[in-house]
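Construct the complete structure from the given sequences, taking the supplied hints into account.
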Amino acid sequence: MKVYKILLPLLFVVAVGFKYRQTDPWPVPDNYLKMANPLKGDAASVADGKQLWMQHCTSCHGKTGKGDGPKAAQLKTLPHDLSKADIQGQPDGSFFYKTSEGRNDMPSFKKKIPEKEDIWSLVNYIRTLKK
Amino acid sequence: MKQSTTTYIAHLFSVSLLLFLAATSVAQDSTEAPVVRKVRPVKNTFGGVYFMDNQTTMVPIKGSMQMEIQHRFGVVTNGSKDLYGIFAPANIRLGMSYVPIKNLFIDAGIVKEKMQVDLDAKYAIMQETPGKYPVSISAFGNVVIDTRNKSNFLYAVNRFSYFSELMVARKVTETFSAQVCGSLAWMNNVEGYVDTEGKIQPKMKNYQFDVSLLGRYRISPKSSVIAGYEQPLTQHPTNNPHPNICFGFETITSSHTFQVFAGNYYSIIPQNNSFYNQNDYTKGQFLIGFNITRLWNF
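The listed protein sequences derive, respectively, from chains A and B. According to this note's numbering, the stretch in the first sequence is residues 1 to 131, in order. According to this note's numbering, the stretch in the second sequence is residues 1001 to 1298, in order.
Read the hints as simulated data drawn from the structure, not as lab findings. Here a beta-carbon is modelled for each residue, glycine too, at the ideal position from N, C-alpha and C. Check the hints yourself; a few may be wrong.
[Unchecked claim] Derived DEER-like restraints, expressed as beta-carbon distance ranges:
1) I1292(B) - K50(A): 42 to 48 Å
2) T1147(B) - P114(A): 45 to 51 Å
3) K63(A) - V1260(B): 19 to 25 Å
4) E115(A) - Y1193(B): 55 to 61 Å
5) I1101(B) - A36(A): 31 to 37 Å
6) E1174(B) - D105(A): 52 to 58 Å
7) K63(A) - G1284(B): 22 to 28 Å
8) L78(A) - I1292(B): 28 to 34 Å
Dropping the structure here:
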């Protein structure tokens, strides 16, 4: 009986904590979903994107985009594994929108990376993280 | 016979047309139009606005605000007695800077040594751009006020000193960047001595010219090894300053720059270093220093 008294509240806390760290759906406006990537397939852009990724993104998303960066554990919302097929299935415009605008723990980068071309470079690098 | 010949020609024409269309389509796929990118200034020549004891040509983007913490420990020559200078009296600067308009960086700080207040400005005159500008050029200038008690000065203007610098930088390769700088420092007040005839003579001139060379080699997208050399050019009647050799490590994140290094300069105010550096690298008089900056974008 004593064991249940300890285990049940513990399970409750874990369950609530787990739910809290689940990510809510992140709707992307239609105009972004349809947005064409002007730098698609540009090798130089991927190299630029890698530099930006290493500087701005690895602390949370990790080097390979699996969401295992050193700061990830402190976040209220766990970063997605960007190498997974369901994430990679999103259109380029979706990555562009989310990087530019941000939400909750994910900061907006439109001031820190003011040129759209750089955000597209980042999107192109994120594509290389696909498994 | 005639009909079969006509049918044969029709088939041949159809097949040829199909082959032509297929070939054209393949050709179109394999010769995808190359992406035309706008020519833009070169990025990441340096990791931040500071380069150990110097400035870089870099000016952050408009609306950036930066907090600066700079520290210089004592010289390492006392060995374990003061843990290689780490427990010796240190020099500290705390500063805040802002980029109000494109390419203009303004900065203000307070320094422990002589309780100085510095007001600085840097303007990026030219940014290295492929096919347009081969180098980046920036100009830096400051006014420094010594805020110690007035008993230290004969006139209020003696509190003021000035520094101006022209910097030329180039990102030589993706991993290596270099910068050459020429600077002029001016002190309103220099020490004097009374000569044998009873006349007051200055120990130093009021001005000091310097040249410096800096290099940064990136060992990873976020980390670099950095090195620099500064040579005083002006000859003074006494107390000629020594050159500075500095080398260290830099790492950058989205909002921070960290530099840890060893060098001969103890002052953080550049004109004080130019005029008064008596740490001699040939005698191993190096000290450890660090620069930390935190950037916000508004």
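Status of the hints after comparison with the structure:
1. I1292(B) - K50(A): 42 to 48 Å: violated, 25 Å
2. T1147(B) - P114(A): 45 to 51 Å: violated, 38 Å
3. K63(A) - V1260(B): 19 to 25 Å: holds, 23 Å
4. E115(A) - Y1193(B): 55 to 61 Å: Check passed, 58 Å falls within 55 to 61 Å.
5. I1101(B) - A36(A): 31 to 37 Å: 33 Å Cβ-Cβ, so the 31 to 37 Å window holds.
6. E1174(B) - D105(A): 52 to 58 Å: For E1174(B) and D105(A) the Cβ distance comes to about 32 Å; the hint is violated.
7. K63(A) - G1284(B): 22 to 28 Å: violated, 39 Å
8. L78(A) - I1292(B): 28 to 34 Å: holds, 29 Å
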